[in-house]
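These protein sequence lines map, in sequence, to chains A and B.
To convert, take the position in the first sequence, counting from 1, and add 154; that gives our numbering.
To convert, take the position in the second sequence, counting from 1, and add 83; that gives our numbering.
Mixed in with the good hints there might be a few duds.
[Said to hold, decoys possible] Only pairs whose alpha carbons sit at most 16 Å apart, straight line, appear in this in silico EDC-like list of lysine to aspartate or glutamate:
1. K249(B) / E314(A)
2. K119(B) / D133(B)
3. K410(A) / D398(A)
4. K362(B) / E387(B)
5. K119(B) / D134(B)
6. K173(B) / E452(A)
7. K286(B) / E314(B)
8. K249(B) / E222(A)
9. K189(A) / D230(A)
Simulated from the structure, these hints should not be mistaken for lab results.
Residue strings, one per chain:
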Amino acid sequence: MSSSSSPDIRRWYVIAAPYLWLLIFFLIPFFVVFKLSLSDVATAIPPYTPIFSWSTGIWEFFSQLDFENYTFIFGDPLYINAYFSSVKIAAVATFLTLLVAYPMAYGMARAPKAWQPTLMMLVILPFWTSFLIRIYAWIAILKPEGFATLFLTKLGIISEPLQIMNTTTAVYIGIVYSYLPFMLLPLYASLEKINPSLLEAAQDLGSRPWRSFWQVTFPLSLPGVFAGCLLVFIPAVGEFVIPDLLGGSDTLMIGKTLWTEFFNNRDWPLASAVAVLLLFVLIVPIVIFQRQQQLEREAGR
Amino acid sequence: MTVATASQSTPTLTPRAGPRTAAPQSGFAPWNDPKKPPIVRFEGITKRFDDFVAVKNITLDIYEREFFALLGPSGCGKSTLLRMLGGFEKPTEGKIIVAGQDITDMPPYDRPVNMMFQSYALFPHMTVEGNIGFGLRQEGMPKDKIAERVDEAMGMLELRQFAKRKPNQLSGGQQQRVALARAIAKKPRIVLLDEPLGALDKKLRQQAQFELMRIQETTGTTFIIVTHDQEEAMTVASRIAVMDKGDLVQVATPGDIYENPKTRYISGFIGDVNLFEGKVSAVADGCVEIESTEGSKLKTRSAEPVSVGQQVWLALRPEKIRISHDQPSSTVNAIPGKVEDIGYLGSISHYHVRTAGGQRITALRANAAHAVERSISWEDSVWLDWPVDAGVVLTR
C-alpha cells in the first residue's frame, strides 16, 4: 500500500472490501488447512491432534506440530505420480480445449454483430444446469451401450461398442466440455477486439489469408490464449468430479487422491498436506496469469 | 517492381474545354492524350449492397503518375470505389483493369496496389520497422534487401528515430507517416489513400498534404486519394472526380472544377458560390442573357448550349464580384444592394449584400490598403458588378 496520505478516505474502504473478503474467506481458511497439515491423525472427533486449548498453552500446542505429513508425501511415489499425472492430464486437456475453442471463438468474433449476443448466450447456456448433472449426462453418452455408441453404430462408423467410459479419454472429454466456456470467452474477447482492417492491410501487403492469420490474428489473440489456458489449466489440475465420475482406476489425479485421503482414510492432516502442496503446484501458473494480466493492462493503457 | 519513368511521351498541350484553364501542373495532362493508355480503368462499375446502390455504373480512367482525388460527402460511394480497386469489395457489375490486366476477380494479395487505410491499420504487435517491412517479407525478399528498402522508406518520411517503437508509442502524425511508408515500401504502381489525413488536426493536415505531394512526385507513383475535404483535393490532386450518391458528377482538374463546375451541386461543394436562378432571354455572340427571378438582367459568356426560355442558374464566385459605392458605367451585370453583414477575416473580408430583389449575395474583397478611403460599412448602399466572363451558366 502506498504511503500517500490521500484525503479521500472512501477510496480506502473500496480497496479494503475485497482484501477483507480474501482475508476472511481465503487466507484464514488457508491457515486452518495449513495448521491441519502439520497435525497428526487421531481416532477422535475431530480426527486430528493437537487441538488448541488454553489450559495446555500456546508453546505446548506449537511443539506438537511437525512436517511429518510432507515427508510422507515426498517419500511415497503414489502422491508424486498423482501430482505429475494431474499436471499432465490438465495440460493435455487445456491444449485440446484450446483447439476446440479457437475456431469457435473465431467464428463468433467474425459472425454478424447482431448474432453475437445470441452466440454468447449459447456458450453460457450450459451453466444453467448443474455441473454434476451435466457430467452424469456424459456417463449416459459415453458408456458402452450409451448414445455415442448407438449413434456411431447407426451411422456405420463403428461396429463394436465404444470403450471410452472409465478411461482417461473420457476425462479429457469431460474437461474439454466443462471448461470450454472459460477458454472461449477470453479468446472471443481478444479476437473480437482485433480491427478487421488489420487483416485487410495484411492482405493488401501481399499476405495470403492463412499467413495473415499466423502473422496478425494469432499474435494479437495471444493474451486471450494465455488467459483461457490458465483459466482451464488451474482448476483442471485439482479437478475431482470429472475423473471420479468419468475416469477409471488408471486415471490418477490429485483431486481424487485428496478425496480418498479425506473421506475414505479419514486422514485429514495428510489430505491437508496434499491440498497445500497442490496450491504450491498451482502458484507458478497463477503468477504467470497475474503477470500476463498486468502486461495486458499496460499494453492497453 | 519499378515505376516506369513516364513523361517520356511529351504531353500534348491541347486546350481543355471551357473558357479558362487553371491547372497547377500545366505540362502534365495525360488525360488529354487519346493514345495514352490509362493505368486504371473502371468499366461500368456498379456496386450494390442488398438493395442499396453504393456505386452506379461508373466508367473512369486514371493515368500513370496522376494524383487523383475521389471527392464527395460521406456515403457518396468514393470509399467503395477505392476498396473495389484494392480488392476488398467485389463489383456487382463491371470490370476493373489495371495496366491492361483485368483484375476484377484478383484477390487483394495479388494486386499491384497498396492501400493506406483511414484508421492506418498499423500492426500493434510490430515495431515501425516491422510494419514497414511487412509487405516486403511477404515477397520473400532477402533480409538485407528488406532492411535497405525499409530504411529508404523511413528516411523519406523522417521515421528513422522511431524504428524500434511500437505504434502505440507514436503520435497521430507519426502513425500517419508510418502508414504511408508501409504503403510505398513495396514500390507499388498505385497507392490508394482512404481519407489518409482525416484524423489529423488542421495544421498538421496541411503539412501532411505537401508531404504526400512530395512523396508522390519523388516516387513517381500513381496516387488515388479519397477525401471529403475539397480543399485537400484542390491542393493535392492533378484531377478530381466529384461523386454524389454513387454517381460520378464531374471529372476535371481542380482549376476546371472550380471555374467551370458542371452542376449546382459541384459549384456549391467546392468553394463558395452565388447562384442566380433565371430564364434565358437571349443567346448571341457566345453570350447568354438571363432574366433572373430576383429581377436583374445578367449577361455571361458561355459555351453551354441553351435555348431562349430555358431555366438556368448563373454561378458566380464571391471573389469575382466587385463591390463599391459608385454606380458602375455599364448597366449589365450591375446590381444595387444593401450591406447586411461583414465577415472580416484579416486578409480578406466577406460582404453579404441583400439586393432589391431580395437575394443575398456574397462578395469578397482583399483588404489591400490599410485604411480604405471609403470603407464599406453595415447598411451601406452599394453596387455589385462583374465582367461577362466571370460567371458560369448551369443547366442542372
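Each hint tested on the structure:
1. K249(B) / E314(A): Measuring from Cα to Cα gives roughly 58 Å; hence the hint is violated.
2. K119(B) / D133(B): violated (37 Å)
3. K410(A) / D398(A): With a Cα-Cα distance of about 7 Å, the restraint between K410(A) and D398(A) holds, given a limit of 16 Å.
4. K362(B) / E387(B): Distance of about 14 Å is within 16 Å: holds.
5. K119(B) / D134(B): It is violated: about 38 Å lies between the C-alpha atoms, which goes past 16 Å.
6. K173(B) / E452(A): The given pair, whose Cα atoms are some 40 Å apart, is violated under the 16 Å limit.
7. K286(B) / E314(B): Measuring from Cα to Cα gives roughly 13 Å; hence the hint holds.
8. K249(B) / E222(A): violated (54 Å)
9. K189(A) / D230(A): violated (22 Å)
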